[in-house]
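Trainee: Based on these hints, arrange chains B, C and D on the given structure of chain A.
Residue-level listing of the chains:
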Amino acid sequence: MSHAATLPRVHEPHEAAGFFRTYLYATDHKTIAKQYLLLGLLMAVVGGFLSYAMRWQLAWPDTEVPGFGFVGPETYNALVTNHGTVMVFFVAMPILLGSFGNFLIPLMIGARDMAFPRLNALSFWLLALGSAVLCASFVVPGGAASAGWTGYPPLSAKAEYTGVHWGLTLWLLAHAIEFAAFLLGGVNFLTTIVTMRAPGLTVGRLPLLIWQLATASILFLLSVGPLIAGAVMLLMDRLVGTGFFLPERGGEPLLWQHLFWFFGHPEVYVVLLPALGASLEVYPVFARKPIFGYRLIVWATIVAGALSFIVWAHHMFVSGMDPRLAMPFSITTILISVPFALAVFTMIASLYRGSIALELPMLWALAFLAMFITGGLTGIFLGSAPSDIYLNGTYFVVAHFHYTLISAVIFGGFAGIYYWFPKMFGRMLGTRLGQLHFWSTLAFFNLTFFPLHWIGIAGMVRRIANPLQYDLVAPHQWINVFSTVSLLGLIAGQAVFFLNFFLSQFRGRPAPANPWQATTLEWTAPSPPPHGNWGAALPAVERGPYEYSVPGAAQDWLPQRAGAAVLGSRS
Amino acid sequence: MNGTVLTRGYVVIWGWLLVLMTLSLFANTLPVSRPAIVTLMFVVAAVKAVLVALHFMHLRVERWLIYAIAIVPVLLVFGLMLALFPDFVFAR
Amino acid sequence: MFLSWLPENVSSFGRDIDGIIALIWYVTLAWFVATMGTLLVFIVRYRRRPGRPAGYVKGDRWREAVWVLVPCVLVLVLDFWMDFKGAPVWAKVKIDVPQSDLHIKVTGKQFNWVVSYPGPDGTFDTADDKTFLDELHIPAGKPVRLTLGAQDVIHSFFLPNLRVKQDVLPGRAIPAWIDAMKPGTYELPCAALCGMGHSGMKATLVVHAAADWDTWVAAQWSGAKQ
Amino acid sequence: MSATTHAHATGAAERGKVAIWWFLASEIMLFGGLISSFVISRLGGGAQVDHGHLNVTVAAVNTFILLSSSYTMVEAFGCAERGDRRAMRLFLGLTVLGGLAFLGLKAYEYTGEILHGFTPWAGTFWSFYYTMTGLHALHVLIGVIANATLCVAARLGLERPYRVEVAGLYWHFVDIVWIFLFPLVYLS
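Residue numbers (the numbering used here), protein chains in the order written: chain A, 1 to 571; chain B, 1 to 92; chain C, 1 to 226; chain D, 1 to 188.
The shape of chain A in the complex, shown without the other chains (with noise of 0.2 Å):
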């Protein structure tokens, strides 16, 4: 393994760089990192619109949305449908592989900067690009994608069956180009973490957010390519007239969602796992003693990412395929219970006999960790084949799904903004408001999202504009209406964020290079680090990454970095 030391020093400082270079055609990692950042919290400003419009129908159908308008049936399939598609591709994907993983790869393996600085920038263009043509479809004559995120078709690949032109076609593309974007980025990480690592931090020094960044990247690369394969031929489909997927010429839609699933079930654990590594990340440092089962840690992420391949079709027992696939299927995808539960174990025995401290980024992880657990048992019930059969495509579906990608997104992303803020920014960020943020968006969280098991139990199927018009599901309206009503405190609880980021970006406390008293290697750079991140030498590792209160040393934390033990200080 060649490591960064010959590093060709193509990349010098350009401090006096114009506003061009420093903004636009960047190719310093760390402000990469926040253009995800910012394109990511973007989206999501428009994902959550959407889901106000969305949820505002579901209590008060067919009734004006303040700020928007009026939502029709038409309408609310275009809002379900993007809001799917943003969130998870568009907000999940920018901020959590995005952003944490190209702030964070080199940083915390000791390198100056990605292994393809360029290549890099390109990325992250070619998905601002495909974000802005996502945004296009929105406007578009004939309006937005409204075949649901999953795009199966025929609905999707004929525009009779919507009455929607371009703006499916130009959400395929939007999907395109953000695949590119991420299948360029992974490259990117891959080759840099298996390359560019610093003198003496082998694999097993790694932090674990690198191993989970690096497991998510595999998997996006290994997943991605058969639905770009089923893209080109939907695309087709529309553009051309072939029938890959229309019956009446010959073709199988079903072939769509095993493509689709193929990819999407390790999508899922592409936006889950460096949550679940940011969350790592957070508590050792904020118990002051080592994770709780390193290598367990790692083989229970890669089994876990391994087994992601085998369980699609989970998504599919009642979709028309092969019955008798319904219990294999099944019983890989119960099985995928058993390395989460030993994650979700290790992180809760990582606790045992620590010093607690519950400040911001803990309480976020924390969180993570007592969301995805209720996120992930609810998915047994849907990884059943049988119960599966009542419970799929209802409300059921859609509790269990924001759980786990909620915990994910919102409580694993947070747990890493609080955490790398001020590595990020240089300040800190405000604690009342974070306190504020925090509290509301889990209290907000839960009651918008938990009473949706019930009314999915009772019977609501997903993607209905008005659910006035079912016997079985009017009598629980109030559901609706309370869940709608928790949406906008969840909304108002977010907004205190934004106000919270932009205000510390000027007003916060200038933050020291270590203020949490962590023993990564990231934290021996300035805050926030300098071009090149490093200085005139590359930091040598002579540690594993999570050494807090280590018997006999006369501080709680040794540095990964060799010689910054001695420092120790919070400067």
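Hints were generated in silico from the structure; no laboratory data involved. All values reported here derive from a predicted model rather than from experimental measurement. The beta-carbon is built from N, C-alpha and C at its ideal position, and this holds for glycine as well. There are no misleading hints in this set.
Here are the simulated BS3-like pairs of lysine-lysine, each with C-alpha atoms no more than 30 Å apart in a straight line: (1) C/130 <-> C/182; (2) C/109 <-> A/158; (3) C/130 <-> C/105; (4) A/158 <-> C/105; (5) C/105 <-> C/182; (6) C/182 <-> C/85.
Partial pick of chain D residues on the chain A-facing surface, computed with a CB cut under 7 Å: (7) 22; (8) 26; (9) 29; (10) 33; (11) 34; (12) 37; (13) 121; (14) 124.
Some residues of chain B that are not near chain A, with every Cβ distance over 12 Å (derived): (15) 7; (16) 8; (17) 10; (18) 18; (19) 19; (20) 30; (21) 33; (22) 36; (23) 42; (24) 49; (25) 55.
Mentor: Frame of chain A; chains B, C and D shown alone:
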């Protein structure tokens, strides 16, 4: 060729590739059953692919990581294809 | 708490499905209480107090690792138990379609359920076929064989009270079966996004008591010439 | 350290190679997904090969060209390693020519088929045919551009041997895809 020394190993592999290509071209005229011919063609294709991968792409001398990167997706593709059989082949 | 939200079950295999849901519910509830309880206890018990340093527990020795590995084995055992209990139910509902002298075709289209009966001669595509829109009539207390299909896009045949759900695909005929124990009218919504009319695409299932069934059949086919 | 026998296998070279292999892994999945779809569609009776209207002769010539261009590509890398710049440019040029010839013949084939009414929407087989070979041809085109760039760069003295290796790995992969497409579409 301008005094260039051709790399002998590469020329040999090229020769084999051309031989195998010719074999698959004339496979259809062999006096054996159709499934046997098709099997032969794909075995030949696989051998050609392995020759290119091992020698031209230097997998022969690569370390285990590169090997794994090359092999795992191939296995996944086979897994995907097998899982699709019940729905699209046996369903007919 | 969860289970009481299920709508009334009126089919024979519905009880089996509810049984699986209940089994999973109790297993997951136990895990929920155990993990969340431990988490909360640890957070409270090991909160930071001056003068009490944290322990150095890395969990890299077997003696420590068993604390997480043993629960994982328990998870594995419970997983197999749930699969073991679930497999026969799945087979009963989805694979082993029982024999029945009543065979109905249900076809989804944007945005209706088209229900066809073979009529007295018991074969489809004859003159005495009869087709209903958004109305499915079956007799109580006996299994009914269904052939599910779609004309345009994917729909999903969902009978919440009978615990049946099956996506219907254009170009494929999917065999299924239902039975209802209790006469009454029930809802049959479409459970897969199928276009702008998806919301509100639903039919009514009318389950006739055994005695009324013959009357209904007679009324429908009285005009048919044999 | 890398076990390769090549010189320069450090730093940028190592990064380039690891990166292109990760990229190829996802490409294997892309073509694998498409080819799997075609295979199961064929075995299921959905896409029957239209043997009568495919030009096997042209395809065979194309196979020969692509196999040979793979050889010239690897020979170019051999020259680059030995520092024989002139020969490297020659072999790169031959590879580019091979790629261009392949594309030209492919275009000729497409034209003939379309003129006979076998368009992408003429049936499932033709849909798969155009999608698979079209995607492959796109990859050939990208390879031609990459190799031509390297050739020009070498003329200007900007070449680095590892870049020839990286481009070569991509080129051989494109060749391997064709090795499978040829019997799958034309012969069997």
